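Engineer: Take the sequences, apply the hints, and build the full model.
From first to last, the protein sequence lines are chains V and C. The first sequence runs 1 to 205 under my numbering. The second sequence runs 1001 to 1434 under my numbering.
Honestly, the hints are just simulated from the structure, not real lab data. Here the structure is a predicted model, which is why all the values come from computation and not from measurement. Ideal Cβ positions, reconstructed from N, Cα and C, are used throughout, including at glycine. Incorrect hints may appear among the rest.
Stated by the list, open to error - Okay, the calculated bits of chain V under chain C, using three or more residues with CB under 8 Å as the criterion:
#, stretch
1, 5 to 11
2, 19 to 25
3, 34 to 44
To be verified - Which chain V residues stay away from chain C? Per the calculated CB distances, all over 12 Å, these:
#, residue
4, P14
5, G50
6, D75
7, G96
8, S115
9, V131
10, R185
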Amino acid sequence: MSRGWWRANRLWLPLVPVALVAMLAAASYHVKTFWFDDGLHRTLVTAKPGHVAAVDIPYEDTAGKTAYRFRVRVDKVTPTTTYLDSLGDRTRVQAGVSAYRVRLGFSADPSVALSGCQLTVVDAAGHQYDVNGLPVSQTLCVPDGHEGPSPALYKGAKRGAVEKGHQRPRTWTTSPVVLVPTGARPVEVRVWFARPDYVSLRLPR
Amino acid sequence: MTLVAPSPREDRVSVRDVPAVLLTAGRLIARHWPALLALSLLGAGIRAGVLWAAVEVSDSVPILGQLILILAPLGYLLPIIAMLHLCGASLPRLKEVSAQRAPEAVTEGRERRLVDVAVSVLVPFLAVYVSYGLLDQDISRFRNEAAFNEFNRFSLLHTLHYDYAGRLGIYPVQIALMIVAIAWVLRWTLGRIENLTRFLLLAFLGALVEVYYTGQVAGQSVQVRTAGTNWLDDRVAVHTVRSTYERVVDHLGWFGHPVDALTTWVLGLVGSLDAVVVVPIAWLAVGAVVLGHKLAPPAPFEHPWIERLTVVPAWLRKGLASLLSDIVERFSAFWNGLRLLGSAGLLPMLVFGLAFLVAIRIPLLFSEAVRLLIGPLDTDTWLAISPMEAGLGLALSMAVTAPLLAAALEWVLVPSLLSEAAAGSRSPAERTTP
Chain V
1 MSRGWWRANR
11 LWLPLVPVAL
21 VAMLAAASYH
31 VKTFWFDDGL
41 HRTLVTAKPG
51 HVAAVDIPYE
61 DTAGKTAYRF
71 RVRVDKVTPT
81 TTYLDSLGDR
91 TRVQAGVSAY
101 RVRLGFSADP
111 SVALSGCQLT
121 VVDAAGHQYD
131 VNGLPVSQTL
141 CVPDGHEGPS
151 PALYKGAKRG
161 AVEKGHQRPR
171 TWTTSPVVLV
181 PTGARPVEVR
191 VWFARPDYVS
201 LRLPR
Chain C
1001 MTLVAPSPRE
1011 DRVSVRDVPA
1021 VLLTAGRLIA
1031 RHWPALLALS
1041 LLGAGIRAGV
1051 LWAAVEVSDS
1061 VPILGQLILI
1071 LAPLGYLLPI
1081 IAMLHLCGAS
1091 LPRLKEVSAQ
1101 RAPEAVTEGR
1111 ERRLVDVAVS
1121 VLVPFLAVYV
1131 SYGLLDQDIS
1141 RFRNEAAFNE
1151 FNRFSLLHTL
1161 HYDYAGRLGI
1171 YPVQIALMIV
1181 AIAWVLRWTL
1191 GRIENLTRFL
1201 LLAFLGALVE
1211 VYYTGQVAGQ
1221 SVQVRTAGTN
1231 WLDDRVAVHT
1241 VRSTYERVVD
1251 HLGWFGHPVD
1261 ALTTWVLGLV
1271 GSLDAVVVVP
1281 IAWLAVGAVV
1291 LGHKLAPPAP
1301 FEHPWIERLT
1311 VVPAWLRKGL
1321 ASLLSDIVER
1331 FSAFWNGLRL
1341 LGSAGLLPML
1351 VFGLAFLVAI
1361 RIPLLFSEAV
1371 RLLIGPLDTD
1381 TWLAISPMEA
1391 GLGLALSMAV
1401 TAPLLAAALE
1411 WVLVPSLLSE
1421 AAAGSRSPAE
1431 RTTP
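Structural biologist: Below is the structure:
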């Protein structure tokens, strides 16, 4: 490159990265829908290992404004050799797969709807493993048979209506099992209701 | 500062000049790549941003959304024009052409500028834009986004009013023709006002009017082609030919396979005719207008057949003649460009067509390269970044197309232009149409 070349391009060269960034920004209209809103990308609360996360996620159902308001903590994560499969049968873990039982301690007002809750486990490499809750998805975050109220899902529905005998206690624990490839070490549990928001519970190293 | 290029023979250009064109294009890229990249990236950004804005705006003001959408091709055309000027300034013969003085514009009454003959650039450019499938892409992407946006407002909380047709702006042909007529009159009126007020910005407003109506017509052509293809597919005759062909191929047994392969190959070749022939010629026409518009003859003031319409009042005849001169002038650079291409000979142009094929395929090659580099992706993640990848591919393709075009013009068109001007031994500005 001669000196003439540098002189002729001295204004254009710095413009190249600026134009590149401008172009990428203008072409980013799918990033929110297909990436950000499509995964767990916004941490609402982070709790250090053994600490309690106080969660308050506002949302709106057909009955009006409300919130997922609860406290959660990871009690312990223990390896296990059996789990309930998607049909509800107790199954042995296959070769190449490791299973971990994640015991979570919750506390919440019995009138708070928590039934739509989901769990995801993250390993040291950053891979995410959804906890397969079927057919017992209700039991990921709420006690089986005592799920408590559901959000109001249609016009005229009442939030907080619970059948007699199915009221949720003020404190409870759940123990879902997560399957990961052998060698993957869980470092974080994410509790979430709707992507991209999640509550991050760190696990001891 | 100009690139030193060996002088082409004064007579017609031959296929043997092709390596020289490629070499010149390579030198242009080496000299100007930062400017070429910056301009083409900005252009690709404009195209993507316009689309985004059109979707957002169409939510509240549908007609404004469509007006914005029409600007998307400008994200391609404006950087190409800028890059052509940039490259042209480095090439001795193109430099000589752009130093010429253009004739006076009939309506505006000042030296004719490129913006006055915008439609002459737009016609061949939109031919390229349609052939590349970019217009189709703009329209369908806008429709997809807008329809998704409309649909995605679904909510348990509110009852919604959907309005797909209003947002998507689909006009029948009659309305498109009316748009063209109104645009012609509007463009002429703007020129008259500019003549009185000397306000140059009106010329750019007029050029936008031309962008709008040519975009509408190009959109119509895409729809007509789609509708035509569907109509053909439904015809009994087409069905009969197809089924007869299939029966014959079946009947031929083992020989049927090579026959079928040959037929598919020939049909594919015919199908890609627009990529191989139309696209390079249209590109050269774009370049000829952008860099050679000053050499187009001035439009005639006299229109004998209008003069003969004695039933029409004289003032209206005068107005009609002025409008007609205006329209003829705006297309003059385009006809002039086509004439020049014709005089340059078909064979070298077809060979340049092959070189352009590489430029056309750059987005595809880039996409493959990205795939190799970043490996497999989740479909949704790919969808999130695919507009960026498409924008980068388009920008690279633009940055190669412009210097290739400038080099081809320098070698193919300008020699015949200059020899023509010399033969006339008059300055091109003084030439009039026979």
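Engineer: Against this structure, judge whether each hint is valid.
Structural biologist: Status of the hints after comparison with the structure:
With 3 residues having a Cβ less than 8 Å from any Cβ of chain C, the stretch 5 to 11 of chain V passes the three-residue criterion, so the hint holds. Chain C is given as covering the stretch 19 to 25 of chain V, and this holds because 6 residues of the stretch bring a CB closer than 8 Å to a CB of that chain, at least three being needed. Interface restraint, the stretch 34 to 44 of chain V with chain C: holds (3 residues with C-beta to C-beta distance below 8 Å; minimum three). P14 (chain V), annotated as away from the interface, has a beta carbon of chain C within 12 Å; the closest lies near 9 Å.
At the 12 Å boundary, the C-beta of G50 (chain V) stays outside the reach of chain C, the nearest C-beta of that chain being 33 Å off. Its beta-carbon lying about 33 Å from the closest one in chain C, D75 (chain V) satisfies the requirement of being farther than 12 Å from that chain. With a closest Cβ-Cβ approach of about 21 Å to chain C, G96 (chain V) is found to remain outside the 12 Å limit, as its non-interface label requires. Residue placement check: S115 (chain V) keeps its beta carbon more than 12 Å from all beta carbons of chain C (closest about 16 Å).
No beta-carbon of chain C comes within 12 Å of the beta-carbon of V131 (chain V); the shortest separation is about 19 Å. The claim that R185 (chain V) lies off the interface holds: its Cβ sits roughly 23 Å from the closest Cβ of chain C, which is beyond the 12 Å cut-off.
Of the numbered hints given earlier, the model fails hint 4 alone.
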